[in-house]
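Peer 1: Sequence:
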Amino acid sequence: MMGGQYPSTSHEGNWIVFAPGACVQPISPLEGEMPGRAEGGSPGDFADSNACAAPSLPPSVTIVTSPPQGGRSLGARGSVPAIRNGRQARGGVLALILLAFAFLAPLPALAVNPDEVLKNPVLEQRARNLSAHLRCMVCQNQSIDDSNAELAKDLRVLVRERLTDGDTDEQVLDYVVSRYGEFVLLKPRLSAKTIALWSAPIALLLIGALTMILFVRSRPPLKTVTPLSDEEKARIDELSKG
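Numbering-wise, the sequence shown is residues 1 to 242 according to this note's numbering.
Note that these hints are calculated values from the structure, not bench results. Since the model is a prediction, treat every value here as computed from it, not as a measurement. Fair warning: there could be bad hints in the mix.
[To be verified] Pairs of lysine to aspartate or glutamate, EDC-like flavour, derived with a Cα cap of 20 Å:
no. : residue 1 : residue 2
1   : K153      : D115
2   : K153      : E182
3   : K193      : D167
4   : K187      : D165
5   : K233      : E170
6   : K187      : D174
7   : K187      : D169
8   : K233      : D154
9   : K223      : E238
10  : K233      : E182
11  : K223      : D237
12  : K193      : E161
13  : K187      : E238
14  : K119      : D169
15  : K223      : E182
16  : K119      : E182
17  : K119      : D174
18  : K241      : E231
19  : K193      : E182
20  : K153      : D169
21  : K193      : D165
[Claimed, not checked] Label-pair ranges, simulated between beta-carbon atoms:
no. : residue 1 : residue 2 : range
22  : R217      : A149      : 48 to 56 Å
23  : P114      : I195      : 49 to 57 Å
24  : S229      : I202      : 52 to 60 Å
25  : S191      : P221      : 44 to 52 Å
26  : L98       : E150      : 48 to 56 Å
27  : Y180      : A203      : 23 to 31 Å
28  : V93       : K193      : 30 to 38 Å
29  : N129      : A203      : 19 to 27 Å
30  : L206      : T226      : 51 to 59 Å
31  : I195      : K223      : 46 to 54 Å
Every residue, glycine too, gets a C-beta built ideally from N, C-alpha and C.
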């Protein structure tokens, strides 16, 4: 029998709500009456030999004193936790999907061609580390490892050639800087040139502020206006009366 609601045969105000597959017997309000017993029969006589032998209801059955509003089925006792668990399961699946998308999202691909890779893994790793600090002079906001520009490719090949010839990392950087300037470094090294370059804006601001202060102080003070005397006021009154 499908799950739903079943009215008691002995009391119209009682409703039995049961889960699918639950074995339900009508509940009698009389004490001592066994469910499923035929009227007037002995305690051993049951209306149906396949009926439940136990007089108590299964844990999945709930008795309510009034029918559900609108005649709708209330379901079993575990329905609300089941809905909550279903929502949690759907939330977990959604979180797993988002996590999979995060891991499978396309990462920034390196522009290094297979024919550029050195056979020596140690030298190749050094070349990758150096390339990450060198700026593409065409893109200017990418390293030469991330740029597909032809100049970036030439720089990658140049770095690997210098390493193959036995240069140290510092010697490779010095050689590249000597050809392209400090701007080729994504993080310029601290030197007299870089200090002068970084301090120039601050120096200009200080010079401008000092010039304004000197200009204001060099201005002559404003002359104070002397008020008219009584004689001058009387003279003005006579002239105005004509």
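Peer 1: Determine for every hint whether it applies to the structure shown.
Peer 2: Hint-by-hint comparison with the structure:
no. : hint                       : result
1   : K153 with D115             : 11 Å, holds
2   : K153 with E182             : 19 Å, holds
3   : K193 with D167             : 25 Å, violated
4   : K187 with D165             : 25 Å, violated
5   : K233 with E170             : 88 Å, violated
6   : K187 with D174             : 14 Å, holds
7   : K187 with D169             : 15 Å, holds
8   : K233 with D154             : 91 Å, violated
9   : K223 with E238             : 29 Å, violated
10  : K233 with E182             : 77 Å, violated
11  : K223 with D237             : 26 Å, violated
12  : K193 with E161             : 28 Å, violated
13  : K187 with E238             : 83 Å, violated
14  : K119 with D169             : 18 Å, holds
15  : K223 with E182             : 57 Å, violated
16  : K119 with E182             : 30 Å, violated
17  : K119 with D174             : 24 Å, violated
18  : K241 with E231             : 15 Å, holds
19  : K193 with E182             : 9 Å, holds
20  : K153 with D169             : 18 Å, holds
21  : K193 with D165             : 30 Å, violated
22  : R217 with A149: 48 to 56 Å : 55 Å, holds
23  : P114 with I195: 49 to 57 Å : 42 Å, violated
24  : S229 with I202: 52 to 60 Å : 56 Å, holds
25  : S191 with P221: 44 to 52 Å : 49 Å, holds
26  : L98 with E150: 48 to 56 Å  : 39 Å, violated
27  : Y180 with A203: 23 to 31 Å : 27 Å, holds
28  : V93 with K193: 30 to 38 Å  : 58 Å, violated
29  : N129 with A203: 19 to 27 Å : 35 Å, violated
30  : L206 with T226: 51 to 59 Å : 42 Å, violated
31  : I195 with K223: 46 to 54 Å : 49 Å, holds
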